[in-house]
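Chains as they are written, first to last, in my numbering: chain C, 4 to 243; chain G, 4 to 243.
In case anyone wonders, no lab produced these hints; they're calculated from the structure.
Careful: at least some of the hints might be erroneous.
As the list claims (entries may be wrong) - Which stretches of chain C does chain G cover? Using the computed rule of at least three CB atoms under 8 Å from a CB of chain G, they are:
1. 32-38
2. 42-49
3. 75-87
Cβ atoms here follow ideal geometry from the backbone N, Cα and C, with glycine treated the same way.
There are 2 protein chains.
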Amino acid sequence: MPNPTAAMLVIGDEILSGRTREGNMHYLAGELTKAGIDLREARVVPDDADAIERAVRTLSGAHDWLFTSGGIGPTHDDITADCVARALGRPIDVREDALARLQAHYDRMGTELNEARLRMARIPEGATLIDNPVSAAPGFTLENVHVMAGVPAIFEAMVASVLPQLTGGAPLLSQSLRIERGEGDIAGPLADLADRYPDLSFGSYPYQKDGAFGSNVVVRGTDGARVEAAMAELAAMFGT
Amino acid sequence: MPNPTAAMLVIGDEILSGRTREGNMHYLAGELTKAGIDLREARVVPDDADAIERAVRTLSGAHDWLFTSGGIGPTHDDITADCVARALGRPIDVREDALARLQAHYDRMGTELNEARLRMARIPEGATLIDNPVSAAPGFTLENVHVMAGVPAIFEAMVASVLPQLTGGAPLLSQSLRIERGEGDIAGPLADLADRYPDLSFGSYPYQKDGAFGSNVVVRGTDGARVEAAMAELAAMFGT
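Based on the provided sequences and hints, a complete structural model is requested.
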């Protein structure tokens, strides 16, 4: 049986103007190759509704999977979700499950979930959410299209949740914990924990908020009980 | 008047498999932006004749300029020149002017211009050669398509020769000198020379051959007499 095929669509004026260097194609290409999926084409288009819709329709029609990167943030030029919905003929609106994730995240951060941020809860009907362990705003899978963030740390986390489901591997479960200490403070105990749970993967994503450093720690694995156990130890260690 | 538009086509299995990180898009995007040309789309396709031809036809038809990167070397999977010729309906064969450049280069290097390397002299009828100051094998411009090497140092040198001609600037003249000394030995005198010719640009491209280091120095400018004068000084300094 030939390998399944995939395409990538990178969305963003900042790549085509030369302001930002594209940073996700190389990672996705490597991960797909490891997973036995052939990446056959990649395209970069600007924040232009017609260009995005046309590319989504063409590439999702020509390949088994399409992965998109970029354009799902809170600003007016973040139009990827709406374009994907139109390309696949689905209605789109603020969805309760996405809204709940954002609300919980911004409550924890003590930040207002304003009109602009609400935009990130716009999810097409019938789509499955993709977890965002860094900044909560979810990606989504609609039909054969996986819509993911452009920020490399988030893109990579999203690819890690999506890929096992495509290749017949066991679904990857993930839980995250926000720890109000810098990465340097938690690195030692975290490494010990990772040693004792070699079947799980541990990721740490630093953030800075009001001048204080903190870390979002993500624990991933296929065995839910093991992920729960590691999370319980983590919470006990860092007392949150 | 709106800016002219451009597209980029990156050709190479090694990018889509994740073996090599794409390295030319960011550079081209920045140079086009500085030159007032809008890069509207970029695509990456594998070393597949149908995929390359289709992309060349689509992108050259939709934009004022198309820039390609990759697939013009000596191996069997370097099929860009033949695909561009077919896409634009031109015959292609080994061309005398391209052959002469390769012959001179390999004679200087004491290397045989074998059957495989002859492949790099295949140029479509009616195309204009693009100078390759590093390894001689030329790129070419056919209609609105600029076909360039994938190796970043060569790609960048080719963009530097092509761009001024597209934007109505004076054509950039270039001459190069092969110097059998390492870059560290020539850097000082070269910097002095560059100071005295602020209207010219000086590039140095290192090479290694049979364990010895050498440098190809490229002098570029719009005033032919100035380029000649700088080249004469350079030759006197390094006695070749």
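Go through the numbered hints given earlier and state which of them the structure violates, listing their numbers in rising order.
-> Hint check: 3 fails alone, others pass.
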